[in-house]
Amino acid sequence: MEPPEETWPPLAEPALVARGLRKAYGSKQVLDGVDLEVRPGEILGYVGPNGAGKTTTVRILCGLLDGFQGDVRVAGVQVALEPLEVQRRIGYVPENAHLYESLTAAEHFELVASLRGLDARVAAERSRNLMDAFGLADRLGARLSSYSKGMRQRVLLTSALLADPPVLFLDEPLSGLDVNSTILVKELLQGLAARGTAVLYCSHVMDVVERTCDRIAVLHQGRIAAQGSFEELSAERHGASLESVFTELTGAGDAAERARRVIDGLG
Amino acid sequence: MGWAESKVADRIVGAIHDALLACLRPFRAPLALGGVDYDQLRAVLSAKLRTDLRPRQGSDAGYGLMAAGLAATMLFELAFGMLLSVFLKLDPSAAEFATLVQLAVMSMVAFPLLLDFDSVLTGGRDERALEGLPISERTRLAVRLTHTLAYVGSLSLPLALPPLVFGCVSFPALRFGPAFCVATVLAVSLTVALVTGLFGLGLRVLGPRRFRQAVVGLQLGAVVTVLGLIQLGAVTGGTEGFFVLLSERSPWQLLLPPAHFGGLVSVALGSRAWVDLALAGCALALPPALLAAAVRALGGQALREAALATPAAEPVPAPSAPPALARAGLERAGYTFVRRMTRRERGYRMGAWTATAAYVPIGLGAQWSAFVRMDDPALILLVLPAYTLMAVAPTQLFHLRFSDDHAGRWLFDGLSRRQRAEFKAGGVKAVMYGAIPWLLPPFFAAPLFAFGWRAVPQLVLAAVSVLAWNLVLAPLFLRPTPFSRAPSRAEAQGTLLGFLFVSVMTLVAGGLHALLQLHPAALGVGCALAAAALFVLHARLAALIPSRN
Numbered sequence: 001m002e003p004p005e006e007t008w009p010p011l012a013e014p015a016l017v018a019r020g021l022r023k024a025y026g027s028k029q030v031l032d033g034v035d036l037e038v039r040p041g042e043i044l045g046y047v048g049p050n051g052a053g054k055t056t057t058v059r060i061l062c063g064l065l066d067g068f069q070g071d072v073r074v075a076g077v078q079v080a081l082e083p084l085e086v087q088r089r090i091g092y093v094p095e096n097a098h099l100y101e102s103l104t105a106a107e108h109f110e111l112v113a114s115l116r117g118l119d120a121r122v123a124a125e126r127s128r129n130l131m132d133a134f135g136l137a138d139r140l141g142a143r144l145s146s147y148s149k150g151m152r153q154r155v156l157l158t159s160a161l162l163a164d165p166p167v168l169f170l171d172e173p174l175s176g177l178d179v180n181s182t183i184l185v186k187e188l189l190q191g192l193a194a195r196g197t198a199v200l201y202c203s204h205v206m207d208v209v210e211r212t213c214d215r216i217a218v219l220h221q222g223r224i225a226a227q228g229s230f231e232e233l234s235a236e237r238h239g240a241s242l243e244s245v246f247t248e249l250t251g252a253g254d255a256a257e258r259a260r261r262v263i264d265g266l267g
Numbered sequence: 268m269g270w271a272e273s274k275v276a277d278r279i280v281g282a283i284h285d286a287l288l289a290c291l292r293p294f295r296a297p298l299a300l301g302g303v304d305y306d307q308l309r310a311v312l313s314a315k316l317r318t319d320l321r322p323r324q325g326s327d328a329g330y331g332l333m334a335a336g337l338a339a340t341m342l343f344e345l346a347f348g349m350l351l352s353v354f355l356k357l358d359p360s361a362a363e364f365a366t367l368v369q370l371a372v373m374s375m376v377a378f379p380l381l382l383d384f385d386s387v388l389t390g391g392r393d394e395r396a397l398e399g400l401p402i403s404e405r406t407r408l409a410v411r412l413t414h415t416l417a418y419v420g421s422l423s424l425p426l427a428l429p430p431l432v433f434g435c436v437s438f439p440a441l442r443f444g445p446a447f448c449v450a451t452v453l454a455v456s457l458t459v460a461l462v463t464g465l466f467g468l469g470l471r472v473l474g475p476r477r478f479r480q481a482v483v484g485l486q487l488g489a490v491v492t493v494l495g496l497i498q499l500g501a502v503t504g505g506t507e508g509f510f511v512l513l514s515e516r517s518p519w520q521l522l523l524p525p526a527h528f529g530g531l532v533s534v535a536l537g538s539r540a541w542v543d544l545a546l547a548g549c550a551l552a553l554p555p556a557l558l559a560a561a562v563r564a565l566g567g568q569a570l571r572e573a574a575l576a577t578p579a580a581e582p583v584p585a586p587s588a589p590p591a592l593a594r595a596g597l598e599r600a601g602y603t604f605v606r607r608m609t610r611r612e613r614g615y616r617m618g619a620w621t622a623t624a625a626y627v628p629i630g631l632g633a634q635w636s637a638f639v640r641m642d643d644p645a646l647i648l649l650v651l652p653a654y655t656l657m658a659v660a661p662t663q664l665f666h667l668r669f670s671d672d673h674a675g676r677w678l679f680d681g682l683s684r685r686q687r688a689e690f691k692a693g694g695v696k697a698v699m700y701g702a703i704p705w706l707l708p709p710f711f712a713a714p715l716f717a718f719g720w721r722a723v724p725q726l727v728l729a730a731v732s733v734l735a736w737n738l739v740l741a742p743l744f745l746r747p748t749p750f751s752r753a754p755s756r757a758e759a760q761g762t763l764l765g766f767l768f769v770s771v772m773t774l775v776a777g778g779l780h781a782l783l784q785l786h787p788a789a790l791g792v793g794c795a796l797a798a799a800a801l802f803v804l805h806a807r808l809a810a811l812i813p814s815r816n
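First to last, the sequence lines map onto chains V and G.
Here the first sequence stands for residues 1 to 267, numbered as in the numbering used here.
Here the second sequence stands for residues 268 to 816, numbered as in the numbering used here.
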């Protein structure tokens, strides 16, 4: 493995680009011509209903899924040709945390640092600082099996940031986090973006997406239903909130009516 | 302070961990030549070994080798090694002795791999834990193979140790010792290469997704074929011929891998016979060549895809429990849940079904020996119970604890102790009674063939008493709620120790047999007593089951 960059060189624009991305599982077309672009220093909110294909998109962009069609480049690297090189240049927080739970958090960060070829001393200092910011500095020596869901999420975020990557993929990063940590992550993302990090941020929490992201892409049934800044999306719908925009674009219909049907189903 | 938190435990685990990683160091250059990132390999292997060796805690409970389970298995292997050393009393040549020991080493390495292939080589846990990290396919495969070698090596070394010590006493130690050590390492490598190569071939032919679905069948087929051949050899006299072939130098030995290692030891002790030289050449050349072939077969993304593939969910019809088998309410819910899960749970099917399949050829071979060679129907009681349900049902119940979906155990959190016991009782009955239609025909066939209808009373007594015996044992084997714990490889090693259990049960059955020799009326009385016991146990099972989760 090549030694990692202490500081990654400035990215050729854009940091992430997908053109005509298509992916099928058997006869089911999950992504049907998705176009995305994220520039350095930009946070793109990627939202969509459950099963819309958000995680599939992220896994393709991270070089974890093959068998797709379309032109996909991340940090200037063709994903289809060099998935390993892509993985060297990104940070990724998956939707579901899988960790070696017998390891302590410090051992986990050592593992991540070794796999990323980071200097052990630099990695130890970064992980200590990040865990301190997340309020977990005193838990570095505890086994991950003793961590709560929110604590594990903070470990995953720390792991993703350890190499200070130029592109970050966050799939539901706030899942299980308390209010203080959520605020911290929002601030952290904006701070990272200000330093030039490109962020693709998947979430169902519309309020956070609305406040944090520079642009938002709404995925519905494998296609981008709308893309633009919150102000643009909202203006097209007469000043609606992101939640209303989302509901309208994904055709979920009247929530009150559906709730009534659920209650009726209870008998 | 418990064992898990003690400094002594940490030191022991640390020492084993460091020793295993030190074994990797000499291979740094060849691994780099093969495109493997040594530092990454070492880092992931270290994490996996820590997971294996540390006592389990919290929600991760169940993963890893678990030090205690590993220690028990190693002790068993050590005892087996001592037993093999007794062969030296027969004054064998060094080659004969080495051949016999390496045959045992290869068998003891092959069985855990065959029984536990899924978690060792195609388990998806590592792929998920390392997701998104830049590790090449070659390094990932190297991690799997080296971890497998460490795993089976730690099982086989205690077996080889006593023969090494006693062999050094009986033969020129300075030549025998090193040659024997090299032979053992090569024998372990060859076995790993053969088994992984076989499965790699399956992966190539079937593709990742179909392989993932078919691997249970492949594993069952491999276990039954190997054990079936051994038993076939035993009943046809082929085994004696096999051992003659193993011990007498001839070109045919080139076809028998354990003999290669005997040849290697022979050459180290000074033999220059062409057969020995050819055997030694095979011993040195075959393991690396087959390992390379296995790596090729398992390489690329196929293994990762197989590990992460989710088998298509086949609809499982809800099996309805007859009222006589499970009472309405939670007992029936437990019965239905377990029946459904035993058809769907990969881990259960891989572990319990394979171990059960392993007992069938062993049992049939033993029956054949007992019934054909000794014309005594009462022998049914000596042989049948041990192999029919005494060994099989505990194995099935044991595996019933584990599930990859163990996080779903919260469903049972709201149940009281009493309700949990009822649920478990339903599960126990589902396994006990569900296994009967599959297991009894092969086991009843041999006695009926040998003795005709006069074997029926003995068969009935055997079946009923064994069922009753298993209902007594059930609480020991199913303490947690079914499918509520994370899979554990070390505990699955209990299937090996199950063979010891069979021996104990045979003694119990022997007592039953001896009782019948006292008076002919004992058969009828025995049947009546066993049936009464079964009836009472069936009705009161929930009360016998501990309800701690």
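Honestly, the hints are just simulated from the structure, not real lab data.
Don't take every hint at face value.
Result set (DMTMM-like, lysine to aspartate or glutamate): computed pairs, CA atoms no more than 20 angstroms apart in a straight line [to be verified]:
id	chain 1	residue 1	chain 2	residue 2
1	V	Lys149	V	Asp178
2	V	Lys149	G	Asp672
3	G	Lys356	G	Glu515
4	V	Lys149	V	Glu232
5	V	Lys149	V	Glu172
6	V	Lys149	G	Asp680
7	V	Lys149	G	Glu515
8	V	Lys149	V	Asp132
9	V	Lys186	V	Glu85
10	V	Lys186	V	Asp119
11	V	Lys28	G	Asp680
Now the hints, each set against the structure:
{"no.": "1", "hint": "V/Lys149 to V/Asp178", "verdict": "holds (10 angstroms)"}
{"no.": "2", "hint": "V/Lys149 to G/Asp672", "verdict": "holds (17 angstroms)"}
{"no.": "3", "hint": "G/Lys356 to G/Glu515", "verdict": "holds (18 angstroms)"}
{"no.": "4", "hint": "V/Lys149 to V/Glu232", "verdict": "violated (36 angstroms)"}
{"no.": "5", "hint": "V/Lys149 to V/Glu172", "verdict": "holds (13 angstroms)"}
{"no.": "6", "hint": "V/Lys149 to G/Asp680", "verdict": "holds (19 angstroms)"}
{"no.": "7", "hint": "V/Lys149 to G/Glu515", "verdict": "violated (63 angstroms)"}
{"no.": "8", "hint": "V/Lys149 to V/Asp132", "verdict": "holds (18 angstroms)"}
{"no.": "9", "hint": "V/Lys186 to V/Glu85", "verdict": "violated (28 angstroms)"}
{"no.": "10", "hint": "V/Lys186 to V/Asp119", "verdict": "violated (28 angstroms)"}
{"no.": "11", "hint": "V/Lys28 to G/Asp680", "verdict": "violated (37 angstroms)"}
Against the hints set out earlier in the document, violations occur for numbers 4, 7, 9, 10, 11.
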